[in-house]
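What follows is the residue order along each chain.
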Amino acid sequence: MKNKSLVSIDDYTKEDYLRILDKAAYFEANPVQNILTGKVVATLFFEPSTRTRLSFESAVNKLGGKIIGFTDASSSSVQKGESLKDTIKTVANYSDLIVMRHPIEGSARYASEVSKVPVVNAGDGANQHPTQTLLDMYSIRKTQGKLEDLNIFLVGDLKYGRTVHSLLMAMSHFNPTFNFISPESLKMPKEYKLFLEKKGIKYYEHEDFTEYIKEADIVYMTRVQKERFSDPIEYEKVKDVYILRNEMLEGTKDNLRVLHPLPRVNEINVDVDNNPKAYYFDQALNGVYTRQAIISSILDL
Amino acid sequence: MNSDKKELRVNAIKNGTVIDHIPANDLFKVIKILGLQNITNTMTLGTNLESKTQGKKAIIKIAELFFENDDIDRIALAAPNAKLNIIKDYVVIEKRKVQVPDKVIGIAKCVNPKCITNFEDNIVTKFTVVDKEHIALKCHYCEKITNKENLRLQ
Numbered sequence: 001m002k003n004k005s006l007v008s009i010d011d012y013t014k015e016d017y018l019r020i021l022d023k024a025a026y027f028e029a030n031p032v033q034n035i036l037t038g039k040v041v042a043t044l045f046f047e048p049s050t051r052t053r054l055s056f057e058s059a060v061n062k063l064g065g066k067i068i069g070f071t072d073a074s075s076s077s078v079q080k081g082e083s084l085k086d087t088i089k090t091v092a093n094y095s096d097l098i099v100m101r102h103p104i105e106g107s108a109r110y111a112s113e114v115s116k117v118p119v120v121n122a123g124d125g126a127n128q129h130p131t132q133t134l135l136d137m138y139s140i141r142k143t144q145g146k147l148e149d150l151n152i153f154l155v156g157d158l159k160y161g162r163t164v165h166s167l168l169m170a171m172s173h174f175n176p177t178f179n180f181i182s183p184e185s186l187k188m189p190k191e192y193k194l195f196l197e198k199k200g201i202k203y204y205e206h207e208d209f210t211e212y213i214k215e216a217d218i219v220y221m222t223r224v225q226k227e228r229f230s231d232p233i234e235y236e237k238v239k240d241v242y243i244l245r246n247e248m249l250e251g252t253k254d255n256l257r258v259l260h261p262l263p264r265v266n267e268i269n270v271d272v273d274n275n276p277k278a279y280y281f282d283q284a285l286n287g288v289y290t291r292q293a294i295i296s297s298i299l300d301l
Numbered sequence: 302m303n304s305d306k307k308e309l310r311v312n313a314i315k316n317g318t319v320i321d322h323i324p325a326n327d328l329f330k331v332i333k334i335l336g337l338q339n340i341t342n343t344m345t346l347g348t349n350l351e352s353k354t355q356g357k358k359a360i361i362k363i364a365e366l367f368f369e370n371d372d373i374d375r376i377a378l379a380a381p382n383a384k385l386n387i388i389k390d391y392v393v394i395e396k397r398k399v400q401v402p403d404k405v406i407g408i409a410k411c412v413n414p415k416c417i418t419n420f421e422d423n424i425v426t427k428f429t430v431v432d433k434e435h436i437a438l439k440c441h442y443c444e445k446i447t448n449k450e451n452l453r454l455q
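Chains as they are written, first to last, in the numbering used here: chain C, 1 to 301; chain F, 302 to 455.
Since the hints were made in silico from the structure, they are not lab data. Please note: incorrect hints may appear among the correct ones.
[To be verified] Just so you have them, the derived chain C footprint on chain F, three or more residues with Cβ under 8 angstroms:
{"id": "1", "segment": "323-330"}
{"id": "2", "segment": "338-350"}
[Said to hold, decoys possible] Residues of chain C placed beyond 12 angstroms of chain F at every Cβ, according to the derived structure:
{"id": "3", "residue": "Lys4"}
{"id": "4", "residue": "Asp124"}
{"id": "5", "residue": "Ser185"}
{"id": "6", "residue": "Glu250"}
Every residue gets a Cβ at the ideal spot worked out from N, C-alpha and C, and that includes glycine.
If we strip away everything but chain C, and leave its shape as in the complex, we get (with noise of 0.2 angstroms):
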């Protein structure tokens, strides 16, 4: 992983997955550690996503790194014209390591290409957010105690849903079963059902939440998001199917744990909140531990 860009997560093998998070039990063991003394780590922010450049800058800060970059482009030269190329290039020149946020699919891969010092992709439209992925599945270790042969539900938009379609991959690896809920129109595509297919994977598909909840490990919850509806009158009928309430969760198992890549809307009743079983605000602080890990791995510290 040395020197190595993370642009999406089949860069990494199951190997890989795992030194990360046995990294990431480290660094929540010993959160402030200064390896990072001297090191300076872009973070280049060419649309706004606040919770996730905060938790790189939180993690490269308990690692005693220093952050330059932007928060978004309109305060960058992006807005003289400049291409990504040549933005990449200079800050390639004043950093170690570059952090990119970026609206264009396949940006970061470009990105990794051009620049001279590695590139964390922290997000390049609906493509690819692998540190996303990687604090999902230490998420799951921990509250599982293992990543094999889990139940896995997937809810909400599983078309346009990249968390889930990384997390499917990633987790493949793992002897999993699927369960996808969503809506007709926003069902998994074609080519990650083949895959599991290919891979020997027990997938399910259903429209609503019914019984088969009580045989979840997880339950990753999604946004089914309006503008992905071309017709808004579907969107008013599918838009309540998949809330997530907390008398729902009577008589599911006791490991059972809710995931929710955040920021969420109304997907998640706030009366889930108090459930021990929703884990989504824990998920979150395992951003910077996954982070801290990603960060030192790649400088090989």
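Let chain C serve as the given structure and place chain F on it in line with the hints.
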């Protein structure tokens, strides 16, 4: 043999390459992929010819030009059934079918309007061919699939 008849419709060449069984609609794509518009060799193009197997077909005969396998296989995206006849001294010394390559570099355009290759100038596109039979290309950058139906050349 049928092929003898077809050969008569355009001038025979002494040495060179004949590319046969190009779908008539895709002739100009093939020309562009191979950059034939820029060469000075004697060349005969025939199109809208009757074909027993594929409706209207096109044919290209180029004198004194022989392709490397890697170069010629690039036309497989536009003409997956194309056949090559290598001619030496008016005799076909080799027949070959084009093979869909594993990687496609700098030919196709990514179908995804939000892909970086459609935003930033001077990026050479790269694709992995994930389905050789139906032609499906996975973009090295945005990871989206471009199919034969929405394939455009860069």
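Each hint tested on the structure:
1. Counting residues of the segment 323-330 of chain F whose CB falls under 8 angstroms from any CB of chain C gives 0; the rule of at least 3 is not met.
2. With 0 residues carrying a beta carbon less than 8 angstroms from a beta carbon of chain C, the segment 338-350 of chain F misses the three-residue requirement, and the given coverage is violated.
3. With a closest Cβ-Cβ approach of about 16 angstroms to chain F, C:Lys4 is found to remain outside the 12 angstroms limit, as its non-interface label requires.
4. Distance to chain F contradicts C:Asp124 as a non-interface residue, since its nearest Cβ pair spans about 8 angstroms, not more than 12 angstroms.
5. Separation of C:Ser185 from chain F is adequate, the least Cβ-Cβ distance of about 19 angstroms exceeding the 12 angstroms criterion.
6. No beta-carbon of chain F comes within 12 angstroms of the beta-carbon of C:Glu250; the shortest separation is about 40 angstroms.
Hints 1, 2 and 4, counting from the list given before, are not met by this structure.
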